[in-house]
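Colleague: Listed below are the residues making up each chain.
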Amino acid sequence: MDLRVPSGSFFTLIGLILLGMGAFAPHVGAAPLTTENVNLYSGAAMLVFGLFLLLMAWRATRLEKGSNS
Amino acid sequence: MHPHRVDYIILALYFAFVLGIGWRLRKRISSSGDFLTSGRSVPVWITSLAFIAANLGAVELVGMAGSGAKYGIMTAHFYWLGAIPAMLFMGIFMMPFYYGSKARSVPEYLKMRFDEKTRAFNAFSFAIMTIFSSGISMYALGILLQSVLGWSFDVSVLASAAIVLAYTFLGGLTSAIYNEVLQFFLIVMGFAPLAIVSVIKAGGWQGIVSRLPPKMTHAWSYMGSPTDNPMGVGIFSMVAGLGFVLSFGYWCTNFLVVQRAMAADSMSAARRTPLIGTLPKMFLPFIVILPGIAALALSKMSVGYAFPLKATGGPDYDKVLTTLMAQFYPAGLLGVGLTGLMASFMSGMAGNVTAFNTVFTYDIYQSYIRPGAPDRHYLTVGRVTTVVGVLLSIGAAYLATRFNNIMDFLQLVFGVVNAPLFATFLLGMFWKRTTAHGAFAGLTLGTLAAILTLSTTVAEGNGGWIAHLHTFQSQMAQNFWIAIIAFTTNFVITIVVSTFTTPRTDQDMEGLVYGLTKVPHDATAKWYERPAPLTVMVVILLLILNIWFR
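In order, the protein sequence lines correspond to chains V and S. Residue numbering for the first sequence follows this note's numbering, beginning at 1387 and increasing consecutively. Residue numbering for the second sequence follows this note's numbering, beginning at 15 and increasing consecutively.
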């Protein structure tokens, strides 16, 4: 098992959830001291990180296939 | 703190992934080696992150934020002065002996290098310590979730223990290590936003500096005298006690972390595990300590952040992290933060459980109870020990609920047991004249010296049960001095007894001692795969950080 696949999928999912919260429900459970839309920014960062891990895993399997054939 | 539905969804999603990883890895287990030592097959980037995640339990996470508020940036010495030099030493100098000896555990290395009695001493004390420390962290997590979220103590303790048990039972050490990496990512992702928003709110680093006394924002400048700095320690006890004895003792000899490096797929990867680990480790203070310092600054501004107080009125440092989360995290991110807290707890507990089952199976059961059985038998014993280890930890957690002071007491005991250990390894690995009797005498008398120091000195009301010879400025200073005295006693006694007893022959010690072990030279490897350039880079970064925050 390539650990990058489950980790990447996990952060992609969490990133999408936070982006969704930030975009469509910015006032649900708002924090007393935060004025910025932190869900939006953090969600975007987690989505990018998740996709990056998935991309690296995908590249590794492609390289492996290339060297086998 | 009031989590929303979305926060619980994130937590549930995480549990599903953790269990899924364990389930997928279950097929890789066909021998006791696969289960207990990962069959030495884990890629280096994974072992490096697991190496630092296994140490990053919930108690540490909550404690570091609290210490940030209590001691300021000096807390970073646990990383910049303590952990990182020790991790470098471990990778460059000690790993060749651990990995090259083919020992399956740290006590087993002691058996190979010295003899049965030194192994037994280390195996039993380590096994007992891992059970109690995972029990204590379970207790701390239960209390925290009860007071912050109103969750039931029983449910949070039993549910989190059940999940850790499930994935370590299914996939063994590999599963624990793989999950530690996911947990590490989650801790960073869950707490980095907190550091960023809390520091921005406090006016950036400059804003923090302007609101706090200078001794809170300087790591080195106020260390001339113990009375000048918030930790109450002088520069000698800091450098020798924390920087040398305690940190090297922990990072170089504690099987909990060493086991992660020993699971790497080659000698080169095993050596690079702690070296690569230093890079993320170096920047962790910005995520785990900085929010605590920001909290203190925020409490002096009129932004609406009140510093958490105990019922008795004093500051409650253990609540710093969770009050910040409550104030700064909206629904969604709050779920990620809470999940990060649970993840840190699980990584710490899984680390303890997987180290415990290996030491018990190989160093206690196979050595003293039933040697020479087929491997299948030891795989079963490893699995059963995993269950027993978790049950014993739960027992220890409930013991802590009944005897409140037991936590403080045990932490003192751990300090006493750990303090002299490094001298034994240092001499054993680098002086081939060291004998088994010398090592054992040094270790026993070193431990005794630690107990005596604790029983004759007092700090913040602790210790001094036999006599009251000296009072320390703080408990931290007392810990550092106990370590220094225990180490020195062990070091001297081991040398003296060794010179009067017969050493083993050189052939007997091949692969175990410096000078009789081939240390691999990877001249053909790329520069970033060689230990030396990596170390130089880490040292330069470390110097920059220390000078910047001097």
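You may find that some hints are simply not true.
Just a sample of chain S residues kept apart from chain V, beta carbon distances all over 12 Å, derived [stated by the list, open to error]:
1) Asp21
2) Ala30
3) Arg42
4) Pro57
5) Lys131
6) Ala154
7) Gly204
8) Val211
9) Tyr236
10) Gly248
11) Tyr382
12) Ile383
13) Val398
14) Phe444
15) Pro517
16) Pro547
Covered, in the sense of this in silico footprint (three residues per stretch, anywhere, with C-beta under 8 Å from a C-beta of chain S), are these stretches of chain V [stated by the list, open to error]:
17) 1397 to 1404
18) 1418 to 1430
Don't read these hints as lab results, they were simulated from the structure. Note that beta-carbon positions come from the ideal geometry of N, C-alpha and C, so glycine has one too.
Colleague: For every hint, state whether the structure bears it out.
Modeller: Here is what the structure says about each hint:
{"no.": "1", "hint": "Asp21", "verdict": "violated (8 Å)"}
{"no.": "2", "hint": "Ala30", "verdict": "violated (9 Å)"}
{"no.": "3", "hint": "Arg42", "verdict": "violated (8 Å)"}
{"no.": "4", "hint": "Pro57", "verdict": "violated (8 Å)"}
{"no.": "5", "hint": "Lys131", "verdict": "holds (41 Å)"}
{"no.": "6", "hint": "Ala154", "verdict": "holds (25 Å)"}
{"no.": "7", "hint": "Gly204", "verdict": "violated (9 Å)"}
{"no.": "8", "hint": "Val211", "verdict": "violated (6 Å)"}
{"no.": "9", "hint": "Tyr236", "verdict": "holds (30 Å)"}
{"no.": "10", "hint": "Gly248", "verdict": "holds (38 Å)"}
{"no.": "11", "hint": "Tyr382", "verdict": "holds (36 Å)"}
{"no.": "12", "hint": "Ile383", "verdict": "holds (34 Å)"}
{"no.": "13", "hint": "Val398", "verdict": "holds (26 Å)"}
{"no.": "14", "hint": "Phe444", "verdict": "holds (36 Å)"}
{"no.": "15", "hint": "Pro517", "verdict": "holds (45 Å)"}
{"no.": "16", "hint": "Pro547", "verdict": "holds (24 Å)"}
{"no.": "17", "hint": "1397 to 1404", "verdict": "holds (count 5)"}
{"no.": "18", "hint": "1418 to 1430", "verdict": "holds (count 9)"}
Taken one by one, the earlier hints fail for this structure at numbers 1, 2, 3, 4, 7 and 8, listed in ascending order.
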